[in-house]
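As you go down the protein sequences, you meet chains A and B in turn.
The working numbering numbers the first residue of the first sequence as 1 and each following residue consecutively.
The working numbering numbers the first residue of the second sequence as 1 and each following residue consecutively.
The set of hints was computed from the structure by calculation and includes no laboratory data.
Treat the hints with care, as some may be off.
To be verified - Straight-line C-alpha distance at most 20 Å; calculated PhoX-like pairs for lysine-lysine:
{"id": "1", "chain 1": "A", "residue 1": "58", "chain 2": "A", "residue 2": "68"}
{"id": "2", "chain 1": "B", "residue 1": "83", "chain 2": "B", "residue 2": "71"}
{"id": "3", "chain 1": "A", "residue 1": "49", "chain 2": "A", "residue 2": "68"}
{"id": "4", "chain 1": "B", "residue 1": "62", "chain 2": "A", "residue 2": "108"}
{"id": "5", "chain 1": "B", "residue 1": "62", "chain 2": "B", "residue 2": "83"}
{"id": "6", "chain 1": "A", "residue 1": "100", "chain 2": "B", "residue 2": "44"}
To be verified - Now the stretches of chain B that chain A is said to cover, found in silico as 3 or more residues with beta-carbon under 8 Å:
{"id": "7", "region": "44-57"}
{"id": "8", "region": "101-108"}
Stated by the list, open to error - Sample of chain A residues with no beta-carbon within 10 Å of chain B, all distances over it, derived:
{"id": "9", "residue": "9"}
{"id": "10", "residue": "13"}
{"id": "11", "residue": "49"}
{"id": "12", "residue": "62"}
{"id": "13", "residue": "66"}
{"id": "14", "residue": "75"}
{"id": "15", "residue": "77"}
{"id": "16", "residue": "83"}
{"id": "17", "residue": "84"}
{"id": "18", "residue": "85"}
{"id": "19", "residue": "100"}
{"id": "20", "residue": "110"}
Yeah, the Cβ is synthetic: ideal placement off N, Cα and C, and Gly gets one too.
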Amino acid sequence: AQSVTQLGSHVSVSEGALVLLRCNYSSSVPPYLFWYVQYPNQGLQLLLKYTSAATLVKGINGFEAEFKKSETSFHLTKPSAHMSDAAEYFCAVSLYNFNKFYFGSGTKLNVKP
Amino acid sequence: EAGVAQSPRYKIIEKRQSVAFWCNPISGHATLYWYQQILGQGPKLLIQFQNNGVVDDSQLPKDRFSAERLKGVDSTLKIQPAKLEDSAVYLCASSLSSPYNEQFFGPGTRLTVL
Numbered sequence: 001a002q003s004v005t006q007l008g009s010h011v012s013v014s015e016g017a018l019v020l021l022r023c024n025y026s027s028s029v030p031p032y033l034f035w036y037v038q039y040p041n042q043g044l045q046l047l048l049k050y051t052s053a054a055t056l057v058k059g060i061n062g063f064e065a066e067f068k069k070s071e072t073s074f075h076l077t078k079p080s081a082h083m084s085d086a087a088e089y090f091c092a093v094s095l096y097n098f099n100k101f102y103f104g105s106g107t108k109l110n111v112k113p
Numbered sequence: 001e002a003g004v005a006q007s008p009r010y011k012i013i014e015k016r017q018s019v020a021f022w023c024n025p026i027s028g029h030a031t032l033y034w035y036q037q038i039l040g041q042g043p044k045l046l047i048q049f050q051n052n053g054v055v056d057d058s059q060l061p062k063d064r065f066s067a068e069r070l071k072g073v074d075s076t077l078k079i080q081p082a083k084l085e086d087s088a089v090y091l092c093a094s095s096l097s098s099p100y101n102e103q104f105f106g107p108g109t110r111l112t113v114l
């Protein structure tokens, strides 16, 4: 069975501080991994994706994530938080052999001034 | 490039009523998905179409939910009759036919069942 676990349903950081959102997956086959962001009353928007090329993936708005097979993790980071980063973030896994996504339960990021 | 379109954006109905949602995917995207997102949870896949055929509907409550994708383009999702627990945001997404292609999401329809 495939699943995605996001540790921490709410994360609060100060503006300018490091953002770290955690994602662990379980999969019996090599997965593709994605991070999406959802702003209030909007649909999900892709931040970045891992598709078995470079393990360190850079996305939009200064976010990046590193695929660590040994830890089955794909944590999302940003060196310096901005107020506009306040949103909900979802990690998702897709199996290489068919188009099915499994989403984590999401992490709400709050950025304090 | 136009994104995924959904309508209506908001819908309020009473329990036992019927409701339908419409989705128009990005042109050329063969795969279309309907998700249910309950407040505080991640999106849950209800049904996945490849062109106009169903690939996965294992989590669709078939006694009350139905979906179709005529001509492999637009899709409608229907709930009949609605229950209180159906209150959620219904998201439509589309993608090219490959597991490493990201899904593009519409803005969603927020359904409130009273």
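Each hint, compared with the structure:
A C-alpha spacing of about 15 Å is found between residue 58 of chain A and residue 68 of chain A, which places the hinted pair at or below 20 Å, so the restraint holds. Proposed proximity of residue 83 of chain B and residue 71 of chain B is contradicted: the alpha carbons are some 30 Å apart, above 20 Å. Between residue 49 of chain A and residue 68 of chain A, the direct Cα distance comes to roughly 14 Å. Compliance with the 20 Å bound is thereby established for this hinted pair. Taking the CA atoms of residue 62 of chain B and residue 108 of chain A, the gap is about 32 Å. The hint is violated against a cut of 20 Å.
For a cut-off of 20 Å, the pair hint linking residue 62 of chain B to residue 83 of chain B stands: about 14 Å separates their Cα positions. Among the hinted pairs, residue 100 of chain A with residue 44 of chain B is consistent with the structure: their alpha-carbon atoms are about 11 Å apart, no more than 20 Å. Here the region 44-57 of chain B counts 6 residues with a CB under 8 Å from a CB of chain A, which clears the bar of 3, and the coverage holds. A count of 8 residues in the region 101-108 of chain B with a Cβ less than 8 Å from any Cβ of chain A is obtained; the coverage claim is therefore met, three being the minimum.
The beta carbon of residue 9 of chain A is not kept farther than 10 Å from every beta carbon of chain B, the shortest such distance being approximately 8 Å. The claim that residue 13 of chain A lies off the interface holds: its Cβ sits roughly 21 Å from the closest Cβ of chain B, which is beyond the 10 Å cut-off. The claim that residue 49 of chain A lies off the interface is violated: its Cβ sits roughly 6 Å from the closest Cβ of chain B, which falls inside the 10 Å cut-off. No Cβ of chain B comes within 10 Å of the Cβ of residue 62 of chain A; the nearest lies about 19 Å off, and the non-interface call holds.
With 10 Å as the threshold on Cβ separation, the claim that residue 66 of chain A sits away from chain B holds: the shortest Cβ distance comes to roughly 18 Å. Consistency note on residue 75 of chain A: stated as away from chain B, and its beta-carbon is indeed over 10 Å from all of that chain's, at 17 Å minimum. Its beta-carbon lying about 20 Å from the closest one in chain B, residue 77 of chain A satisfies the requirement of being farther than 10 Å from that chain. With a closest Cβ-Cβ approach of about 23 Å to chain B, residue 83 of chain A is found to remain outside the 10 Å limit, as its non-interface label requires.
Remark: the non-interface label on residue 84 of chain A is consistent with the geometry, its nearest Cβ contact in chain B lying 19 Å away (cut-off 10 Å). Separation of residue 85 of chain A from chain B is adequate, the least Cβ-Cβ distance of about 19 Å exceeding the 10 Å criterion. Under the 10 Å C-beta cut-off, the non-interface status given to residue 100 of chain A relative to chain B is violated; the minimum distance is some 6 Å. Non-interface call for residue 110 of chain A relative to chain B: holds, since the shortest CB-CB distance, roughly 15 Å, exceeds 10 Å.
The structure fails to meet hints 2, 4, 9, 11 and 19 from the earlier list, while all remaining hints are met.
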